[in-house]
Structures are given as C-alpha cells and as structure tokens.
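Q: Given the sequences, and given the hints that come with them, work out the whole structure.
Chains as they are written, first to last, in my numbering: chain X, 1 to 90; chain F, 1 to 90; chain E, 1 to 90; chain V, 1 to 90; chain R, 1 to 90; chain L, 1 to 90; chain Z, 1 to 90.
Honestly, the hints are just simulated from the structure, not real lab data. Bear in mind that the values here come from a model prediction, so they are computed numbers and not experimental data. Warning: the hint list may mix true and false statements.
What the hints assert, rightly or not - Beyond 12 Å from chain X on every Cβ pair, some chain E residues (computed):
#1 Glu-64
#2 Ser-76
#3 Glu-79
Unchecked claim - Computed cross-link-like contacts, BS3-like style, restricted to lysine-lysine with a CA-CA straight-line distance of at most 30 Å:
#4 Lys-45/R <-> Lys-45/Z
#5 Lys-45/V <-> Lys-45/F
#6 Lys-45/E <-> Lys-45/R
Stated by the list, open to error - What follows is a list of derived Cβ distance ranges for each label pair:
#7 Asp-59/V <-> Gln-68/F: 27 to 33 Å
#8 Gln-16/E <-> Ser-73/F: 42 to 48 Å
#9 Arg-28/E <-> Pro-17/R: 51 to 57 Å
#10 Asn-38/Z <-> Pro-14/L: 26 to 32 Å
#11 Met-1/E <-> Val-42/Z: 32 to 38 Å
#12 Glu-21/R <-> Ser-73/X: 43 to 49 Å
#13 His-75/X <-> Glu-41/R: 28 to 34 Å
The C-beta atom is built at its ideal place from N, Cα and C for all residues, glycine as well.
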Amino acid sequence: MSTVKRLVLDVLKPHQPNALEFAQAIARLGEGYRVRLNVEEVDEKTESTIIVIESTSLDFSRIEETIQSMGGSLHSIDEVEVWGSTPDTL
Amino acid sequence: MSTVKRLVLDVLKPHQPNALEFAQAIARLGEGYRVRLNVEEVDEKTESTIIVIESTSLDFSRIEETIQSMGGSLHSIDEVEVWGSTPDTL
Amino acid sequence: MSTVKRLVLDVLKPHQPNALEFAQAIARLGEGYRVRLNVEEVDEKTESTIIVIESTSLDFSRIEETIQSMGGSLHSIDEVEVWGSTPDTL
Amino acid sequence: MSTVKRLVLDVLKPHQPNALEFAQAIARLGEGYRVRLNVEEVDEKTESTIIVIESTSLDFSRIEETIQSMGGSLHSIDEVEVWGSTPDTL
Amino acid sequence: MSTVKRLVLDVLKPHQPNALEFAQAIARLGEGYRVRLNVEEVDEKTESTIIVIESTSLDFSRIEETIQSMGGSLHSIDEVEVWGSTPDTL
Amino acid sequence: MSTVKRLVLDVLKPHQPNALEFAQAIARLGEGYRVRLNVEEVDEKTESTIIVIESTSLDFSRIEETIQSMGGSLHSIDEVEVWGSTPDTL
Amino acid sequence: MSTVKRLVLDVLKPHQPNALEFAQAIARLGEGYRVRLNVEEVDEKTESTIIVIESTSLDFSRIEETIQSMGGSLHSIDEVEVWGSTPDTL
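A: Written out as structure tokens, the structure is:
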C-alpha cells in the first residue's frame, strides 16, 4: 500500500470563490489537511495558484473533484510525495 | 470545519493611520493574533503594505472590515493557510 | 556489504500514468520507501521528472523495472547515497 | 489590547551622537529593549540608519521622542510586529 | 596522528560501472563509509562526478585504488577534512 | 543602564601588526571578548578590515583606544547591538 | 590572555605534497585540530587553497612553519577568531 503525504498542484481558478474560500473547501476534506494557497498571477478572469496540501494521508480524487466543482482546473501536478506504508503520524 | 491559520494580504493604505496603528488595530481583533506589517513602497498619498497575520484561528471577515474602516483597500490575498480541523494550538 | 539510502533519478515519462500514480507505484515497492516526484518540464507527449527515493535500504533493480513497466525511461542517475553497512535506521 | 514586539525604523541621524550612543539612548528606555542599529549610508552631514528594536513590549512614543531629541528624524516605519495580547514572554 | 573525516573528490568515470555501482564499491571499503555521488556532466564516453565520502576514519589509498580499478581517474581533491586525533565518533 | 553586546567596526589598519595580532590585542581587553576579524581588501600600505566583537558587555572606549594604539583608524561603526539592561549571560 | 579559535588562511602550495597530505601535516600539530582545505584554483605548478583551521587553541607560529616547510606560502590571513580567555571547550 502507499500513502500520499504531500501534493503541490498548479491550479487555474476564477476570481470567485476567492483564495481563502478555495483553500477552505479543500481543507474541509479531511481532519488533518493543511492547505497553503499562493496566488502567483492575477489575470482579468482567472488567478494562477500553487496549492500545497499536506496530511498524513491525502485523497487525491476528492481534492481534484473539489477543485473542479469550484470552477478550477488542475493545470499540472508539480510535486507528489508518497510513502510506501500505511498511514501513521507524519 | 476548517480553521484559517495564516493570511498574507497585499493592502494599500493611506499614510494615516500609520503602519503601527494599522497593525495594532488588526492585532486587537483577537487574543493570539500576531501581525507583521511591512511597508513595501511609499507614494504621495498611499503606502503599499504586506500584512502577515497568524493565529490559531483567524476571522477573515473582521480583518477585512478593520482594514476598510481605516481607509485601506485589500488589493489581493497573496497566501492563505487553512487547516481542516477545529482550532487548537498552532 | 553496502546499502543504498537515497537515489535521485532523472526520468522521462509519458503523461499517463500521471505523476501521482507513477510515484505511488515506486513507493509500493517497500514499506519504508519515501518518493518525491517533481515535474520539471511538460512536453507534448512526455514529462521530464526528477524522482527522489529514500529508504533505509533501496532496491535499485526493482525501481528501474517499475519505471520501465510504466513506459518511463531512466535518463540518468543524478545522485546516489550509499552506506558501507548493513541496513538499520536511517 | 495589543503589544508592540518589534519595530524596524528607517532613521536619518546626524553624525553626533554616534551610532553607539544613538542605540544606547534607545536601549535605555526599557529593561528588556534590544536595539540593533545598522549604518546603511554615510553622507556629509547625516547617516541613514536602520534601527531594529525588540522587546516584550515596546513604547513607540518614547522611542520616537528619543530619536527626535538627538536630532534624528524618523523617515519611515519599515516593519512592525504587534500581538493581540497582554505583554508576556517574547 | 591524524584522521581523515571527509573527502570531496572530482572523478572522471566511464559510463560503466554506473553511478550506483561506483558509489557502492567505495562504500564497501569500510563499515561506516557514507558515499554521495553526484553526476555533474555526461559526455559521450565519460561522466564527471563529485564524490563526497565521510566516515570516522577514511583510508584514502584504498579509495584511490578502488576508483582506478573501475576505470575512473581522480581529477582533483577538492576538499579534505582532517582531525588531529585518533578516530572516535564523528 | 545599557549594555553593548556587539560591535561591527570598519577599520583601516597597517600591515603590521598583522590580522592575528590585531585581533588578539582587542580580545585581551576582556575575559569573554570574542573577536572575528575579516580582511576585506589589501592595499600597498593598509588593509581594510571588518572587526566583529561580541561579549556580554563591551567597553567601546578601550576598544577604540586599542585600535588607535596599533596605528589603526576606525572608519565607521557599521553595526551596534545594545540591550537596555545590566550585563548578564549573552 | 587570548586564545586563537579559528584561522582562515589563503595559501599557495605546490602540487606535492597533495591537498590531503598538506592538511594532515597541519592537523598533526595538535590533538583537537580540525583542518578543512579547499582547492580553489589549480595552475601549472601551484594550487590556491583556503585552509580553515579550528581548535580550542591554535598555535599560529607552528602552523605557519609547517606550511612553509612543505613549500607553501601564506598569501594572507583572511579571517581570525580570537577569544579573550584561557583555553576551554570550543
């Protein structure tokens, strides 16, 4: 088994929901999720963001769904950290 | 539930209230608020500032109101950190 | 005897399996494997990635086989760390 | 209530009192004051300095008065750190 | 007496044995040897590598012999750390 | 009262006494003095040096006298750190 | 009294004795001497090196003699650290 510990995602999002609401929606997916969202560039209709998500065990499918449900599009996965073990303390 | 741990805000403010008074007004919003304000650029009538606010749990709405009540305008949210959990120790 | 503690591999991979699935396949090779995959460059059909793998003891042959079985090609070994001892705690 | 923990001040001072005497006068304002003064530029009659002052609780008004009483002028507040709490250990 | 604690060697090696096998051969020289090999540049027939070797006590002669026996040539010693004492814990 | 904890001095010195002797003379001024002297530039007759002096309590007057007695001239005080308290542990 | 804790020396040396032998000769001067020698530049007949020597108490005269006895010339003292106290633990 393997466990996803960290994801760095390059995400294009609309201005609304704003950066805070966007991060909050992802953080609500799990008790120990830590989400850091940086706005890299602001265009007329969109914002390029880098979202770093860490937890003892991340559920990528639900994160991807949540991003899409808010009008965001996952541009690329920039970094992943995966451990070959069952979830335990980070 | 989710908890906001850290906000980095790009704020344009008038010269008065000064940087210290501005930071103090935000810090007074909560017992554990830590506010660091850096003046990035000084123009004739305004100052561009970056305000970093950290706490075990931040209330964004009250922070935004406080900034506006002092004549500041929130230019952008540059970074947010949100945890998917109830507030506890930082 | 010697033990491989860390490998930094320069790997060219197709878009599918994606970066997460790719890292997961390597991490599943051993209980204590930690895999960090960074996507360095995205081209039309391929992605250049740097994969850092750490463990108390890594099995290079199985890692290489796993990369090839997913359509990846090992461009180069950029860094290795080897200890002249039997495997124990990292 | 709020407590000022750190100030970074951009101060223009005459050559006399010198940098050491200038910093000492500010440090004497409080038992736990730590003052670091860097001379950034020396001109014919003045010196541009950056003064970093830290304590569990700083009194900005007295600092400003002290700077002016020695012929210095506070060019700008470059950074402030304020905590929303009563003074306790740093 | 003196003890060699660390060597940084600039070594030109053929493609075979590969970087991993090369590092392993050096690490096998002593129980506590830690070898980190970085490939700096890859040419048609050779690879420029930097090899960092650390231990409580390194045997330079055997390291040099091992490098030569694999077709490598020691270009230069870039750094050495030597302690004026008998070998004990690093 | 205030205590000088750290001085960074820009000092022009003749070649003799050399850098080591120069630093030693300053260090001898107090039991806990730590002196780090960096030679920044060597000219025909002089050397530009940066001297960092730290202690629980520094005596600036004696330091200045010592520098002058060896033919050095204090070009500028680049940094001072002063604490608003009686001398205790650093 | 004063104690020399650290010396950074700019030394020009011939190719033989090599960097390792050169550092070893200095390290043998005292039980706790730690010598790090970096080769900065290699010319036809000489090597420019930076030698960092640390100990609880260094003997500069013997270090200088040792360098000269191996054909090296002390180009400059780049840094010295001296403490105004009797030798004790670093």
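Q: Each hint needs a verdict: does it hold in this structure or not?
A: We went through each hint and held it up to the structure:
1. Glu-64: Per Cβ check, Glu-64/E is outside 12 Å of chain X; nearest 16 Å; holds.
2. Ser-76: Given a closest Cβ separation of 20 Å, the condition holds.
3. Glu-79: holds (17 Å)
4. Lys-45/R <-> Lys-45/Z: holds (29 Å)
5. Lys-45/V <-> Lys-45/F: Given that 30 Å is the threshold and the Cα spacing comes to 29 Å, the pair holds.
6. Lys-45/E <-> Lys-45/R: holds (29 Å)
7. Asp-59/V <-> Gln-68/F: 27 to 33 Å: holds (29 Å)
8. Gln-16/E <-> Ser-73/F: 42 to 48 Å: For Gln-16/E and Ser-73/F the Cβ distance comes to about 45 Å; the hint holds.
9. Arg-28/E <-> Pro-17/R: 51 to 57 Å: violated (28 Å)
10. Asn-38/Z <-> Pro-14/L: 26 to 32 Å: The hinted range 26 to 32 Å holds for Asn-38/Z and Pro-14/L, with Cβ atoms some 29 Å apart.
11. Met-1/E <-> Val-42/Z: 32 to 38 Å: Given a distance of about 36 Å, which is inside 32 to 38 Å, the answer is holds.
12. Glu-21/R <-> Ser-73/X: 43 to 49 Å: holds (44 Å)
13. His-75/X <-> Glu-41/R: 28 to 34 Å: Hint holds: Cβ distance 32 Å, inside 28 to 34 Å.
Violated hint: 9 only; the structure is consistent with all others.
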